[in-house]
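> Residues per chain, in single letters:
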Amino acid sequence: MSTDLGIPTLRSGTDGVPTLPEGETQNRKEFTSDQEVRWCPGCGDYAILAAVQGFLPDLGLRRENIVFVSGIGCSSRFPYYLDTYGMHSIHGRAPAIATGLATSRGDLSVWVVTGDGDALSIGGNHLIHAMRRNVNMTILLFNNKIYGLTKGQYSPTSDVGAITKSTPLGSVDHPFNPVSLALGAEASFVARTMDSDRKHLTETLRAAAEHRGTSLVEIYQNCPIFNDGAFQLLKDRDEATARILHLVDGEPVRAGSGDATRVVVRDDEGRLQVVPEADADPGRLVRHRVADPDPSQAFALSRLDDPAFAQVPMGIFRNAPRPTYDDGVRAQVSAAVDDAGGRAAHADLTALLHGKDTWTVA
Amino acid sequence: MSTDLGIPTLRSGTDGVPTLPEGETQNRKEFTSDQEVRWCPGCGDYAILAAVQGFLPDLGLRRENIVFVSGIGCSSRFPYYLDTYGMHSIHGRAPAIATGLATSRGDLSVWVVTGDGDALSIGGNHLIHAMRRNVNMTILLFNNKIYGLTKGQYSPTSDVGAITKSTPLGSVDHPFNPVSLALGAEASFVARTMDSDRKHLTETLRAAAEHRGTSLVEIYQNCPIFNDGAFQLLKDRDEATARILHLVDGEPVRAGSGDATRVVVRDDEGRLQVVPEADADPGRLVRHRVADPDPSQAFALSRLDDPAFAQVPMGIFRNAPRPTYDDGVRAQVSAAVDDAGGRAAHADLTALLHGKDTWTVA
Amino acid sequence: MSSKSVERLGRVVIRFAGDSGDGMQLTGDRFTAETASLGNDLSTLPNFPAEIRAPQGTLPGVSSFQVQFADHDVLTPGDAPDVLVAMNPAALRANLGDLPRGATVIVNTDEFTKRNLGKVGYTANPLDDDSLDSWQVHAVPLTSITVEALDTFDLTRKDKERAKNMFALGLLSWMYNRPTAGTEAFLKTKFATKPEILAANVAALHAGHAYGETTESFAVSYDISPAPMAAGTYRNITGNLALAYGFVAASYRSGLPLVLGSYPITPASDVLHTLSTLKRFGVTTIQAEDEIAGVGAALGAAYGGALGLTTTSGPGLALKSETIGLAVSLELPLVIVDVQRGGPSTGLPTKTEQADLLQAMFGRNGESPVAVIAPSSPTDCFDAALEAVRIATTYRTPVILLSDGYLANGSEPWQVPDVDALPDLTVELATEPNDVDDEGNPVFHPYLHDETTLARPWAVPGTPGLEHRVGGIEKADITGNISYDPGNHDHMVRLRQRKIDTIAQSLPDLEVDDPSGEARVLVLGWGSTYGPIKAATRLVRGTGAKVAQAHLRHLNPFPANLGDVLRSYDRVVVPEMNLGQLALLLRAKYLVDVRSHTAVRGLPFATTELADVIDQHLKELA
Amino acid sequence: MSSKSVERLGRVVIRFAGDSGDGMQLTGDRFTAETASLGNDLSTLPNFPAEIRAPQGTLPGVSSFQVQFADHDVLTPGDAPDVLVAMNPAALRANLGDLPRGATVIVNTDEFTKRNLGKVGYTANPLDDDSLDSWQVHAVPLTSITVEALDTFDLTRKDKERAKNMFALGLLSWMYNRPTAGTEAFLKTKFATKPEILAANVAALHAGHAYGETTESFAVSYDISPAPMAAGTYRNITGNLALAYGFVAASYRSGLPLVLGSYPITPASDVLHTLSTLKRFGVTTIQAEDEIAGVGAALGAAYGGALGLTTTSGPGLALKSETIGLAVSLELPLVIVDVQRGGPSTGLPTKTEQADLLQAMFGRNGESPVAVIAPSSPTDCFDAALEAVRIATTYRTPVILLSDGYLANGSEPWQVPDVDALPDLTVELATEPNDVDDEGNPVFHPYLHDETTLARPWAVPGTPGLEHRVGGIEKADITGNISYDPGNHDHMVRLRQRKIDTIAQSLPDLEVDDPSGEARVLVLGWGSTYGPIKAATRLVRGTGAKVAQAHLRHLNPFPANLGDVLRSYDRVVVPEMNLGQLALLLRAKYLVDVRSHTAVRGLPFATTELADVIDQHLKELA
Ligand SMILES: Cc1ncc(C[n+]2csc(CCOP(=O)(O)OP(=O)(O)O)c2C)c(N)n1
Ligand SMILES: Cc1ncc(C[n+]2csc(CCOP(=O)(O)OP(=O)(O)O)c2C)c(N)n1
Ligand code: SF4
Ligand code: SF4
Ligand SMILES: [Mg+2]
Ligand SMILES: [Mg+2]
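Line by line, the protein sequences are chains A, B, C and D.
Residue numbering for the first sequence follows UniProt numbering, beginning at 1 and increasing consecutively.
Residue numbering for the second sequence follows UniProt numbering, beginning at 1 and increasing consecutively.
Residue numbering for the third sequence follows UniProt numbering, beginning at 1 and increasing consecutively.
Residue numbering for the fourth sequence follows UniProt numbering, beginning at 1 and increasing consecutively.
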């Protein structure tokens, strides 16, 4: 039942998308639409928007070949503010719509913007299937651990015990870890970054865009109105330094600095643990391997997450290219066309319609 | 935003379900309904049905307190053949329906029967959310790597390259590994077993029923009509012995016998590998830990899967109890009732309707 | 007491308008509560943007709250405000168009800065030129007076500024002689843990009141006598709250635990919020991963013997349709609430509309009839919830209850009912075999239908001896076994339809309000248009004309006498906030040339608009 | 040549019936192909269980295939078989009720064992008593003769037994003088890799033929002359295949690549299967994770400038409804095919029905109009696909095409069209600004609507200078910016409705078949009832009565002259395989007292049933 599919070799995520003529550049303003931005004052979405508007010109792609598709939620307003093509679709369905678009148009750079509710609650199925298929698109998941647009119900990333509009006595719902979920769903690229860290965010976007296949970028995003301070600990520079486990390919996974540096080691039983660097057996140090075909270590790192942020891994968990669905689909179509000697013409259609069994009435 | 939820301590999956009076027993026939079984000759579903009918009496539960909910697919016909309560619902929705039932009725033993298409394609979102929430139910996922009922399209577990009704040139769709997906979705119990291994199947069912929370049991099931032989290698006793990695809690993970025994070891970089036992450094042997709070090792084991069955882990990957959603929800309700001094009565409702701001017209 | 003069008025419409962050909804709510406690009849219309908090000072960011109150019964929040409180230029600009000449405008001059004016396209300050000459303008530096009044408080300037809505409330309370004690009590609870903020808000409230009393430009205050109302205890209530309470009451009266499976969506979410606080009443709320799971959970619970409820708005109803079809096939009780909003697609999420009627009727594959009902006012939501449960449990059928954004958030006084006077909703679950087999042995037939109601037995898991299987494949009548028999299918399709039709036998005849008995024109409505229609017919009758009015609670099935009613008028006019959905059903069923009047503006009808429409029809017939 | 006598017949109806494993669909298909090649007109009706392969020998396991062929034009597969081939007792029992007295029955006696008889409730062997006396029974030990005929083959007994359907086909081919060469060629391809099986099947085919020729009990064979047909090249085609080809042709004629997003569901899956083999025509098929993703992918592709198509059946349409609403709001071309099946819920998945019309019309939140069309016969599916694409691309709107299970699997001869004669579907994508701003600079306005078609420009990503955003929130006319303006919403709601209404201007008038011009009764249908209705009117006219007949391809909007047509008859009868859905729409729109005739049996109407209904109406008017 199996056959060689001849899927093309791997390239960059933006290969096939027309670029600017040699020497031409674009700037942030050209990527800014004329629409007034409508988020609450202080919303983390502003910072992400600024980062994306600042970063997009760097891609050197033709603006008209970039498409942002979003679902519904505060975050999903995003496309309106970018002067690219864009669709503000319906709740949870952006990955499905983007799949159709990306599969039928290899010349587009396709981006999905979504929230923790949009992506992980109503849209969970489309999300995991997009990752499994590895459709060439970059998904920006704004995780504010709350439903913002509907005014503050808990979401699938809200902590157990969260008191929200719909959980007055505290949520009894165990949250998803978006990174673990993605890795379990065969994701080829998974990263985590933060609204307020412009540099890290930009670097992560760059790697995500570069990756051919589905890139999932979880972005911690503060919602000052309904879940203010959810990431407060990580906004304080010292606290962030102490808590953020930096994922750097080929390097040990570290948090903190100086004497307070902590590292991830593998214990006797193979479990990952975070210990003071001073106490760490160098032979047990866990070196990050983004491109490991086996996602197990990335998964183990994702489990170091802690709701109270005792430590939190940040950066690219996995960046391990494998064939993409859309390349495969397009390859089958073009191979079929080529095999038949080119685009179907009048005679081919006529032959198709006739089939094998015809008879003629004079 | 966090609060102590006072969720009750963990118990068996069947705690709270009325049992047979002391000394009474039931037999397989009592669990067999009067409906004619309507699967194709040779379908693996028969063996699973027989195993379930044989096993259910062992639970010692009152038959009327057992409910089977299924979706749509060949497998989803299952409830008709059991003389318990049952619902043959719609495609993909059984976990959602079962969530409502299990949450509102702590005195029922709730089972879901589903297929690889039903559970992982259209029903993927409900499945991962059920596992995340850890609703007390047992999900039997019949994986025949094909859509049986609709006559042979590929499914989310079909191999890359699979030639099916809808992929005449071979599928370019990368499959899910149901175990990895479940672990990524926070599953507290995940196991894999096979239609034709009655003993293993029965043991697995027993553990799944015993587990309080969502138990996902993937059952390899042969569809002789549309995907015959998908598990053929594992049906041959010698091949099975050679290929199946047995997951036994506390034990090294082994396949094969005698000189041909292979074991799972952890290499220098922490990766799991299957090597001849003779070559294995005993210090590197991976011992299975079903109840590990960290699912990382179970996840790593799930990645040993191979589409060509070079090896295949079988058994219970994870059985790590944590609070269940339904217990939590019921506990909040009963605590609220208790706090208020018992079931709401006339006066309480009257007070509610009046609220705080009333005025009286004489 | 003030030494200023007091005038007596019959009715007043006030609109509070400001930036989303200005607390206008709260201000309006408090004013309403004060007004209610004085015994006026009233009706409210909150109106807020879809954005949580659009950029400050912009037109899309304007949030408003309108209340009409009177010394007689009030049917609508009023077509046009007598008083507009405009907290910034955006609020002025957005609302001025609705203001009749001569109306009063209270503006917060502090916000009329060049920057703010520019944000909404004012090139000149309208307070400085003659552009507001048609209105009575009170230019009050609300922000700065408030800050001044709170001079001694140990708060940031920002916190002080925030209290300006309480200042405005104080001022309006003075103007309309409303008591402020209720608001003070309310603030005490709200700011229980923030004593300084509490004190500041109370001080601002008092300062506003004093400002009215002492400032020259406010020369007159107004009194509105209580409206005559039936004796009883009253409270003010919104439609969403009334719905939630209605279901809790239905749970109590039926003895069935209420299980809500829901996914948040505007404007239905508040029902979920409220019910999630009522665990004490045995209420379980499950916030599901999506609408499909929400109705699935409700249906699962219903199968288990609970009162299964799901709440949503239009897009969510679309998603639930396949599962509702399953419920039709399972013949289980299930209540689906659709709080309608502007469509299609995401549409206008915070605005009202009535365009889901045909979706409720027909939005499922196959012949899949369900009962459909609609409340007519915020308080009527309570009764409608009970009626939905009655139908669902009696006939073992899904019932769709169509509320809308206006009912959901609008409020009015409600005479709190006596719990014992509520309908008895006791349900009989099946406990034993209901038939005999060929040999005369007792057997249970899950699809043996009751002769009167055509309901099938509700045999819930846990009942010994009644084990059975249900499902969405066509079932043989009586046994419930899968059946592909052509004749059985035809029979079952018609049986399910007949079951819904049978509900009509339990319905009261449609009552027509036709005081003279001589009207030739009947105005017929459904849902939230009740208030505007009733008010419009009253207006028309006030001119001496004759017009009949009736309102449908039951959309499927219709009351038995509806055809006769329609045929007894020369003209039937059906105003709807859609393109004529009820009209389509009536025309199809009764072949009566019903005239539609439609407006799809996201807002309730204006009374005068409808009165004009009625006049026009009267003229045409004259 | 046989020495037996040959009789000439005008038309014959044959039904092959057996166990699901007996290959009856294949047998029927082959017989049909042979018949088609002889130039008879024909129509087929496959009928199979929902189970893949229900337990052998049981009633639910019976699979059948009926074909009517004639020397004149054939409109239906025939009400009742003239010949029944029954491969086992279950097939006999399940089909006997449909058999008129005197019909021929060929039974496979080998299967009439006690065990098999018992499985279907026969206590005695009907072949042994007089219970079949009303029919002409040929008792043939089909299995054992086949095995005997294959004596020399190196195959298992089971494999030999499997060839019994070819034996039966050979026998029937002899009886009706059909050529077997086509089947031999077919077998060669099918069993290319299994020469022994191939040889056995061919041998069985020949043996069956020889059996007819040599066996005494088969005394007569029959000849049916070719039907007069327009000159041209013909093939036999099912509705699903014709649909698939229609979309490929539309893709070719529009120059747009076809992108199908679909999720398998009976009876629509074959369209996906076929299109997945046509990559050579630039066709992309995406088997999505569910129906929502299927339509989502199609819509995404449409946004990208492809011909977006999604195929499903009723339950799937229910799930797609929210996304179709988005497409309405986006005003993008999108074709949704619903191959209707028995409902509600899972219903009767393999049976036919027409009960999704109202779902197609109204199954979305808000005022969300789409175009709806329906093919009337298997071959008409081809033209309907082209028409759906024409409407979708011209008006930038979703179009729902309602096929059904009968059309999907039924087949008939099709005159293969000349590709150049197909409609020109060229589409103009937007390439440059379409408006000027206040300063006269060129700008692109994505919601500037064409004056004639009311279509908005289709500006696809990749087009420089036309970057814009679309979405499901209400948009301002022209600019497409988000707008909460009440007036704009009302305007846009009406604009979308008007756009659909405008399609009517491009439609031909409904043609009425009223030969005498004096009929008082009009029979009006839609979809797959065309054949039975046409046949029934022909039957009625044969008795000298006058009756008019017309058939709707366009359900929304209706052709412009429909109201006039309806009003020009004293009675309009609308037969439907639902509870009167088209009738409801007609009554509502035209206030004409349309009479419904409905049957919801999962089967097409019988011609005689409809003829009786028409007669009845004629009598009532007489
Ligand atoms: C079908 C449907 N269901 C529900 C909603 C209501 N809704 C809109 S956004 C949202 C959740 C938003 O949460 P998230 O995705 O986390 O985005 P955020 O607002 O936090 O950025 C919900 C429930 C909807 N618009 N459509
Ligand atoms: C909403 C909906 N979509 C599609 C279908 C058609 N359908 C029925 S079962 C099935 C897939 C079955 O595959 P699986 O779950 O693997 O079950 P199996 O038949 O293999 O046991 C599909 C696509 C349906 N019944 N309902
Ligand atoms: S509600 Fe929260 S997430 Fe939404 S715009 Fe406001 S701050 Fe941002
Ligand atoms: S099609 Fe396959 S899975 Fe379905 S009943 Fe037949 S053998 Fe079993
Ligand atoms: Mg969020
Ligand atoms: Mg399967």
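Wrong hints could be hidden among the right ones.
Covered stretches of chain C (in silico footprint by chain D; criterion: 3 or more residues with CB under 8 Å from a CB of chain D, positions within the stretch not fixed) [unchecked claim]:
(1) 22–34
(2) 78–91
(3) 138–144
(4) 240–253
(5) 309–320
(6) 482–494
Partial list, computed: chain B residues near chain C (C-beta under 8 Å) [stated by the list, open to error]:
(7) Val-67
(8) Pro-79
(9) Ala-96
(10) Ser-104
(11) Gly-106
(12) Pro-168
(13) Gly-229
(14) Ser-257
(15) Thr-261
(16) Arg-343
(17) His-346
(18) Gly-355
(19) Asp-357
(20) Thr-360
The hints are simulated quantities; they were obtained by calculation from the structure and are not laboratory data.
Just so you know, these numbers come straight off a predicted model, no measurement behind them.
Glycine included, each C-beta is placed from N, C-alpha and C at the ideal position.
> Which earlier hints turn out false for this structure, listed by number in ascending order?
Checked against the structure, the hints that fail are numbers 1, 2, 3, 4, 11, 12, 13, 14 and 15, while the rest are satisfied.
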